[in-house]
Structure formats: structure tokens, C-alpha cells
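Student: Can you build the whole structure from these sequences, using the hints too?
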Amino acid sequence: MRRIFISRGHIIGYAAFALAILVVPLFIDDPYLLNKLARYLIFGILAAALALSWGYTGILNLGQAVSFGLGSYCMAMTLKLHTIPIQTGAAGLPDFMVWNNVKSLPWFWEPFHSTAFAVVAGVAFPVVVALLLGWFVFRARVTGVYVSIITLAMLVVVNLVIVDQQRFTGGFNGLTDLADLKLFGIDFDPYSSATYYLIALSLLATLMIGELVVRSKTGLIMQAIRDDETRVRYFGYDVARYQIFAFCVSAGLSGFAGMLYAMVMAFASPTFLSVQISLSIVIWCAVGGRESLIGSALGAILVTGIQGGLSETPAFLNTWMLIMGALFVAVVLFLPKGLISIVQLGMARLAGKKISALTEDEAPLPRGHKLGIG
Amino acid sequence: MSLLELKGVEVQFSGFRALRGFDLSVAAGELRCLIGPNGAGKTTALDVICGKAQVNGGDIIFAGQNISHFEEHRIARLGIGRKFQVPSVFRELTVKENLHVAFCRRAGVFANLGISAAKANADELEKLAELVGLKESFRREAGILSHGQTQWLEIAMLVAQDAQLLLLDEPTAGMTAAETRKTAELCKQLKGRHTMLVVEHDMGFIKEIGDVISVMHQGRLLAQGTVAEIESDPEVRKAYLGSGGIRGA
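Chain order of the listed sequences is A and B. Using numbering that gives the first Met the number 0, the first residue of the first sequence is number 0, and each one after it goes up by one. Using numbering that gives the first Met the number 0, the first residue of the second sequence is number 0, and each one after it goes up by one.
Derived by calculation from the structure, the hints in this document are not laboratory data. Quantities reported herein were computed from a predicted structural model and do not represent experimental measurements. Each residue gets a CB set at the ideal place from its N, CA and C atoms; glycine is no exception. Mixed in with the good hints, there may be bad ones.
[Said to hold, decoys possible] Simulated restraints, written as ranges between beta carbons of each label pair:
#1 A/Gly-345 to B/Arg-73: 56 to 62 Å
#2 A/Asp-227 to B/Arg-73: 48 to 54 Å
#3 A/Met-320 to B/Lys-126: 38 to 44 Å
#4 A/Gly-345 to B/Gly-191: 49 to 55 Å
#5 A/Pro-110 to B/Glu-123: 49 to 55 Å
Tutor: The following block contains the structure:
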């Protein structure tokens with residue numbers, strides 16, 4: 000009974016969420032605000048991707064911004080090649096290359112004339128990087144905090160390489176002055192509702208893909224690995240493969256989020272591969288509930304939303320970071336499973352009432368029952 | 000023909016020789032008890048079979064295959080299940096989910112992504128839970144089970160895994176007398192269908208379930224035989240000197 004109800008609750012929750020984010024453009028005619036909301040939804044994708052690796056598999060990836068950044072650069076490269084050249088060299092060489100005395104388009108830029116290639120690369124490239132890193136890390140049975148340290152170091156390395164290779168990447172400035180993405184005859188202007196809808200649907204697709212993974216047996220084994228990695232081996236599963244899988248799916252989704260972000264921001268820069276973004280994703284998941292995909296996504300939207308709201312309100316100009324900090328501490332202390340656990344608890348209470356009306360012995364024991372609150 | 004054979008197995012932990020040329024042969028369908036004073040290398044013997052400890056010499060043959068240098072998951076796939084001394088189950092998963100993880104028919108990441116894999120035999124798993132008296136807790140988290148229940152859950156997980164050879168490390172540790180009896184019942188039920196190698200201290204329990212007992216001492220096989228034979232063996236008495244014979248172990 001409980002299971003059925005909870006999964007029904009899940010469906011209701013998802014439907015409400017989908018409806019909420021899809022009707023938003025109908026009530027907003029401020030393109031600036033719409034663009035900002037679209038950005039928050041992208042952060043939702045990132046948080047859901049981290050929930051998959053951290054919340055479900057126990058891999059705290061502090062280098063998720065690598066995938067995000069690589070995805071954004073893939074998109075930015077194709078958009079850059081589609082800008083109307085103003086200060087370009089021969090054959091539409093990007094402006095920054097002209098300034099850096101690059102004579103011809105580097106070979107790895109060539110395929111980015113094709114938008115389709117860029118879209119595939121934006122997912123595939125981060126996945127391949129994650130596959131390589133994951134292969135070494137998880138085959139060697141590196142666990143826990145050491146995985147976090149290695150991924151964080153990886154982030155710093157990739158960031159330095161991009162900053163250093165100014166001639167090909169635009170260095171500190173990144174890739175600016177990008178064209179709009181044109182796909183299937185639609186012009187995805189960063190401030191249009193078309194872009195917003197593309198992002199909203201991408202977030203929903205991400206959540207669906209994530210749910211399919213975590214509800215499969217593979218997802219169950221991922222959770223078992225989170226609980227006790229060694230034990231899983233003695234049941235015949237190759238733990239490293241499952242970890243690499245979770246790591247790669249997470250990287251692919253983050254790369255996709257990065258592509259959308261480059262579109263919405265109309266630039267890509269090394270700040271997308273910053274430690275700050277990586278750590279923010281962890282905070283979003285922790286606040287929303289890292290063991291829930293939709294919880295993590297909501298956490299990201301909520302935190303970045305409040306952040307945006309507070310930092311732009313004159314009264315909180317100097318104190319907003321303090322308020323955010325207090326919020327994080329409060330959630331981590333009192334709701335270790337994140338804000339979503341309030342919803343889950345409420346739902347289980349409701350279900351519990353229905354059940355106890357039927358049978359006495361099946362006491363409600365919701366998944367999030369180990370809470371610090373009543 | 001023996002299902003499991005250890006020939007002169009050596010295991011060293013940074014210089015300490017935990018197993019020194021250990022020989023053991025277990026026939027298919029047998030329930031073998033492994034006893035010995037503390038530090039004899041009983042747990043190490045199980046560890047080395049399931050791949051937890053590295054072999055430094057000698058061979059381990061299982062069903063005609065030399066598994067001495069296989070990775071843990073490959074050994075498990077061949078049909079060897081392990082119950083640990085400290086019961087280890089997945090505490091954040093429900094009893095049902097625990098059994099489902101153990102129910103490993105396809106080990107691949109992508110093979111397990113499909114819907115059919117998610118809908119493993121729920122009835123079968125529930126029957127297993129019933130076998131070990133955990134039917135009421137089927138949908139509860141394993142973290143809330145008592146110590147004895149956790150031990151039984153782990154045994155049920157080995158059955159779900161359908162391992163040909165079960166390695167049980169002190170299955171009655173920390174159990175009350177009633178729980179120990181129930182565990183003995185369980186072991187008898189599994190006997191025949193599974194080959195079992197049980198490390199145990201409780202002589203009452205061993206008399207209840209065991210046919211042949213192997214005694215270990217200082218990393219070697221000291222003696223082997225029925226309970227009566229072992230109890231009268233002068234070598235065994237010597238090994239247990241000071242602890243009042245095997246009864247006091």
C-alpha cells in the first residue's frame with residue numbers, strides 16, 4: 000500500500016513541478032527575469048546530476064564543473080563560429096585568435112562549424128573525460144574523500160589549461176560575442192521564452208532519465224555501493240563499473256547543462272570551471288536533499304533564487320551571504336536529508352493515516368524517518 | 000570429488016604468516032566446521048577463499064578452477080558467498096532491496112538497467128524473508144533490525160545469491176541461545192543444497208550441525224574428524240592448552 004501511495008505521490012510531485020516550471024513564461028514578460036529563471040533551472044540539472052553520483056552512489060565529485068565547463072565551451076565554440084564576423088581574419092577566424100596572432104583555425108576547432116557535432120561533443124567529451132578519470136580512480140579502489148580531492152585537483156588543472164591556452168580558448172576572457180543557437184528553424188535568443196522552454200524541458204528530461212536509472216536494478220546496486228562498497232563485491236558485482244557508470248551519466252548531464260548555460264549567458268569563460276561552482280552544486284544538493292533528484296533540483300532553484308533575490312535587494316546588500324550561510328547551517332543541522340524530507344515525511348504521514356485505517360500492524364515507516372524532527 | 004581444495008596456501012600480513020601451508024578439502028554438499036584457538040587463521044582462511052586476502056603461495060581450486068588470483072566479484076560469480084563476522088548488510092536499504100541486490104543473476108551495468116531486472120521475483124524474495132523470519136520486516140530498512148535478525152538477513156542474502164559454497168564466519172556470534180538454535184535449524188535446512196564452510200566457536204552449535212570438523216592451529220590444519228575424534232585428539236588438546244580444551248574455546 001505504502002509503496003503504491005509513495006510512487007503516486009512521486010508522480011503528483013513531478014506533475015506539479017513540471018506544470019509549475021512550464022507555465023512560468025505565461026506570467027512573466029520581463030525577458031531579463033525569464034533569462035535568470037532559465038539559469039536557475041540549469042543549476043537544477045547540475046544538482047540532479049550530482050545527486051546521481053553523490054546522493055545515490057556516494058561519489059562526492061568536487062570537479063563537476065569540469066563537465067559543466069567543457070560542455071559550455073563546446074557550445075560556445077560552435078556559436079562563436081556562427082557569429083557575424085566583425086574583427087575576424089581570413090575565413091571568419093574568431094576575433095580573439097586574430098588578436099593572438101593565430102593564422103588559421105586550429106584543427107580541433109574545425110568540426111565545430113557543425114552545430115550537430117558541437118551538441119554531441121558537449122555531452123560526449125565530458126563523458127570521455129569522466130570515463131578516463133573514473134577508470135583510474137575507481138579501478139584503483141580510491142574511495143571517499145580521496146575521490147573528492149582528485150576530482151577537485153582535476154578541476155584546477157583543466158581550469159589552468161584553459162586559462163593558459165589563450166590562443167585557442169580566449170584565456171581569462173573566454174569566448175564572448177556568441178551567436179544565438181539556431182536549431183530546427185527556431186532562434187534560441189537567450190532572453191526568449193523558446194530558450195526557457197528548451198531548458199525547462201531539458202530539466203524534466205534529466206529528471207526522467209535520472210529516475211529511470213535510480214529505479215532500475217543498476218540504481219539499487221548504486222545505492223548498495225553507497226552503503227557498503229566492499230560488501231557489494233562479494234555478491235558478484237564489479238563495483239568499479241557501476242561507479243564509472245554513475246560518474247559518466249552525471250558528467251554527461253552536466254555537460255549538457257553547460258551547453259545550455261553558454262547559450263543563456265551568451266559567453267563561456269573559465270569561471271564556469273571554478274571551484275566555487277563545484278562547491279555550490281554540493282550545497283544545492285545538501286539543501287534540497289541529495290538522495291532525491293527532484294529535491295536536489297529544487298534545492299538548486301531555491302538557493303540560487305534566494306541568492307539572486309537577496310543580493311539584488313538593497314536592504315540585504317551587505318548581509319545576504321550571512322543569511323545564506325545561516326540557511327545552509329540550519330538545513331544541514333536539522334534536516335540531514337534536505338528540505339525534500341519535509342515533503343516526504345508529510346506524504347508518508349498522509350499515507351500512514353490511510354493505511355492505519357485499513358490495517359493496524361503496518362506502521363508507516365517512511366524512507367526519511369531518521370530525521371532530527373518530530 | 001572435492002568442490003573446494005586449498006593446497007599449501009600461504010598468507011602474509013606485513014611479515015606475519017597468518018596461513019602457513021594450509022590444506023583443506025571440502026566435498027560438494029558437505030557442511031564443514033572450521034575451529035581453532037584465537038589467531039589460528041580461521042577468518043583468514045575464509046578471506047583468502049573469497050578474495051578478500053591475497054594469496055602469497057599455494058593454490059585454491061574451486062570446481063576445478065584455480066581461483067587464487069581472481070578478483071572478489073569473479074569469485075562470487077563462480078558461486079562462492081560470504082557471510083562476515085560482523086554482519087554486513089545494506090543498512091539504508093529495505094530487507095527486500097537487500098535481498099534483491101544479493102539476487103545477482105546478471106552482473107552487468109547495462110543488463111541491470113532494464114525494467115525486467117528491476118522486477119525480480121518479488122515472491123521468491125518474500126519467501127526467503129519468511130525462511131529467516133523477516134516477513135514482517137520485508138519493507139523496513141535493514142538498519143532497524145536487531146543483531147540476530149541482521150545475521151539472518153545476511154544468511155538469506157547468501158541464499159538469494161544462490162551461491163554453491165557458503166562461507167559463514169561465526170553465524171551465531173552475539174546470539175541468544177534461542178537464536179542460536181534457530182540458526183542451527185537454518186543451517187540444517189541449507190545443508191545438501193549448498194556446500195558450507197562454517198567458522199564457529201560454539202561447540203554446542205557445532206555438535207548440532209557438523210559432520211566433519213577441521214581444526215586449525217597457527218595457520219595450519221591440525222586435525223580433522225568427527226566431534227568425538229577431535230575431542231580425544233592429543234594434538235588438539237595440546238593446542239587448546241590453558242583454555243580448558245575445545246569446550247572452553
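Student: Go ahead and decide if the range 49 to 55 Å is satisfied by the Cβ distance of A/Pro-110 to B/Glu-123.
Tutor: Holds, at about 52 Å.
Student: Falls inside 38 to 44 Å, the C-beta gap from A/Met-320 to B/Lys-126?
Tutor: 57 Å, violated
Student: Is the gap between the beta carbons of A/Asp-227 and B/Arg-73 within 48 to 54 Å?
Tutor: 19 Å, violated
Student: Honestly, do A/Gly-345 and B/Arg-73 meet the 56 to 62 Å range at C-beta?
Tutor: 46 Å Cβ-Cβ, so the 56 to 62 Å window is violated.
Student: Take the C-beta atom of A/Gly-345 and the C-beta atom of B/Gly-191, compute their distance, and say whether it sits inside 49 to 55 Å.
Tutor: 51 Å, holds
Violated hints, listed in ascending order, are 1, 2 and 3; each of the other numbered hints is respected by the structure.
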